[in-house]
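These protein sequence lines are chains A and B, in that order. Residues in the first sequence are numbered from 106 upward in steps of one, following our numbering. Residues in the second sequence are numbered from 935 upward in steps of one, following our numbering.
Treat the hints as calculated values from the structure; they're not laboratory data. Everything numeric in this text was worked out from a predicted model, so none of it was measured. C-beta atoms are modelled at their ideal positions from N, C-alpha and C, and glycine is treated no differently. Mixed in with the good hints, there may be bad ones.
[Stated by the list, open to error] Partial list, computed: chain B residues near chain A (C-beta under 8 Å):
1. Ala-1028
2. Phe-1031
3. Pro-1051
4. Ser-1059
5. His-1088
6. Ser-1091
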Amino acid sequence: MLKFILRRTLLMIPQIILVSILVFMLAKAMPGDALTGAFQGNPDANPEQIEKIREKMGLNDPWYQQYGRWLGNAVQGDFGQSYVHKQPVTHLLAGKIENTLLLSFFTLIITYLIAIPLGIIAGRWTDTWADKIIVTYTYFAFATPIFVFALLMMFFFSFILDWLPYSGSVDIKIETGTWDYFVSRARHLALPVLSGALISTVTTIQYLRNDMIDQKLKDFVKTARAKGVPERKVYTRHILRNSLLPIAAFLGYEITGLIGGSVFIETIYSYPGLGYLFIQSIQTRDFTVVTSLVLISATATIVGTMLSDIILSIVDPRIRIE
Amino acid sequence: MKNPVLEINDLRTSFNIKGNYYAAVDGVSLTVHENEVVAVVGESGCGKSALANSIMGLHNLKNTKLEGQINFGNQNLLELSLAKLNKIRGKDIAMIFQDPMTALNPLATIGRQIEEPMDYHLKLSATEKKNRTLELLRRVGIKNEQRVYDQYPHELSGGMRQRVVIAVALSCDPVLLLADEPTTALDVTIQAQIMDLMKELQNQMKTGIILITHDLGVVAEMADRVVVMYAGEVVEIADVKDLFENPLHPYTRSLLNSIPSNLEAKEKLHVIDGIVPSLQNLDRTGCRFAPRIAWIPEEDHEERPEMHEAEPNHFVRCSCYKTFYFPEDRVGEIDYVTTKN
Ligand SMILES: Nc1ncnc2c1ncn2[C@@H]1O[C@H](COP(=O)(O)OP(=O)(O)O)[C@@H](O)[C@H]1O
Ligand code: SF4
Ligand SMILES: [Mg+2]
Chain A
106 MLKFILRRTL LMIPQIILVS ILVFMLAKAM PGDALTGAFQ GNPDANPEQI
156 EKIREKMGLN DPWYQQYGRW LGNAVQGDFG QSYVHKQPVT HLLAGKIENT
206 LLLSFFTLII TYLIAIPLGI IAGRWTDTWA DKIIVTYTYF AFATPIFVFA
256 LLMMFFFSFI LDWLPYSGSV DIKIETGTWD YFVSRARHLA LPVLSGALIS
306 TVTTIQYLRN DMIDQKLKDF VKTARAKGVP ERKVYTRHIL RNSLLPIAAF
356 LGYEITGLIG GSVFIETIYS YPGLGYLFIQ SIQTRDFTVV TSLVLISATA
406 TIVGTMLSDI ILSIVDPRIR IE
Chain B
935 MKNPVLEIND LRTSFNIKGN YYAAVDGVSL TVHENEVVAV VGESGCGKSA
985 LANSIMGLHN LKNTKLEGQI NFGNQNLLEL SLAKLNKIRG KDIAMIFQDP
1035 MTALNPLATI GRQIEEPMDY HLKLSATEKK NRTLELLRRV GIKNEQRVYD
1085 QYPHELSGGM RQRVVIAVAL SCDPVLLLAD EPTTALDVTI QAQIMDLMKE
1135 LQNQMKTGII LITHDLGVVA EMADRVVVMY AGEVVEIADV KDLFENPLHP
1185 YTRSLLNSIP SNLEAKEKLH VIDGIVPSLQ NLDRTGCRFA PRIAWIPEED
1235 HEERPEMHEA EPNHFVRCSC YKTFYFPEDR VGEIDYVTTK N
């Protein structure tokens, strides 16, 4: 098992390198370069001067040399300078990574807390009124774009009811680490988390419901009934166990999806996380930041896939590990 | 005569198909005695599985209607609550399923799956359960039982899995065992091994067995009595020897004549025309088999064939079997006549 995990982890390295090359090429292919942003709108900029700086910074070197330098720095945690914010990208990312992770984590928890019970109810009592309500909910959640829903939630809970804040991650004047700080953070997280979770439950609910309907018809369920296993245990021990397995395995992918999905939520709630930063940076053509963020999310995808593989190998005895 | 363990009276199992109920088991009565092997034969689609599932209470009651009586001990299984039925199935009545590739839970170890019925029916400690399970595994012919105990179904071959399925069924010493085509899904060589195992176990046990099969060779070897089913009805019941020596019903005779090993002097295999009609397309007036022996003139058929005892302990539906013949036999006669001329 340990060997499998190790091997699977090592396998990530070439994947990440490949992705990083791709990201680098994309960044190069974008109009302008590091200096374009720095001197944008500056009437004093002297083209000859710029060309000199460009030469000095190595921007005229062949791509692989530039890539090597870039990767070397990135590995050491140096993602270069943001030319809009005039500070290292690393500084810019500092608190934002934490904010996004927090948002994703709670969204994921709430998603599962809602989706798993609802999926089980719908899958077990198919065609009852409870099932019909749940299915209707999933249709709505599926059809509603996340930004529309987030705006509706904001409108209702912040503007009409005035219960929860609609932007930021914490009230400004509160001292870090106090109870009030904690409460303020939770209140700021509430709407983004709920908005994201209520929409992202769809896949899990529908998957679980359909899979349970499939599993119910399996022969081994008949075997269980023929053994005299009480109906409740037929579900918990046989049907659910088989239906929850893929859900556990999807966990890795879900994490990645949430980091990507937080772009809309963070932007709408002006939540200072990676997603919000991403949109801002694209708008201001802050390419170093954009490239770093793409690299981070691509790495997260690769790590998520690996996590899924590892989880699956743990929970499913049919996956052979040598 | 031995004590009956199961008495089925006029059982009718109907499925809801697009709003109407159609009987797949249509007025079946039969008795299984202690230590008796009753074979149920018939082409596929005749209602054999529907019958077994009715006894086990495995039908989905949302779209299945069950009428009649299935008396086990002094209870009618059809009237029991699910909780009461669960006290019986897995313990007193157990079932061996057709396809060992799907009959076991892929996520549970073999040991757990055999122990599961014991959880509900026997008061045993964990070690007792394990010992009993290892013993069962040995009894069904698995030699490395310690290892198999901790294995998962996908690690075993089809034949091994079927042995496990049998061990599951035997785990609480049932008095009645239903085996629904226990070898059909297996390779031919493995089939023989599993049948040998069943025979061996049958000799050791007092269990009554309902053996559903379409392998007449197996019937000849194992069964005490044979029930021939056609289109949801029993058409003939007889002791195995009587049935093979003196088959009466045209359907039974057609079945026997379509098996190479049962051809005595005859050279030609009989092929039964057509197929078993689906539930909706089945004409339920008159004899259900008539359309498949079209060469028999209409007036030869009985209008409402009923089961009756044609010979002692030999029951058959309809009496017009007396004039029944196979066209290939007549062809021979006609040939003979022509040559003589
Ligand atoms: N759940 C069901 N719903 C509708 N029709 C069914 C169902 N189960 C079986 N049948 C039909 O009942 C008939 C008997 O089926 P079955 O008992 O499986 O036959 P056998 O086991 O003898 O091959 C077939 O025509 C089959 O299509
Ligand atoms: S009624 Fe006709 S079809 Fe039925 S058994 Fe008699 S002869 Fe055969
Ligand atoms: Mg069948």
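For each hint, the structure was consulted:
{"no.": "1", "hint": "Ala-1028", "verdict": "7 Å, holds"}
{"no.": "2", "hint": "Phe-1031", "verdict": "6 Å, holds"}
{"no.": "3", "hint": "Pro-1051", "verdict": "4 Å, holds"}
{"no.": "4", "hint": "Ser-1059", "verdict": "19 Å, violated"}
{"no.": "5", "hint": "His-1088", "verdict": "5 Å, holds"}
{"no.": "6", "hint": "Ser-1091", "verdict": "15 Å, violated"}
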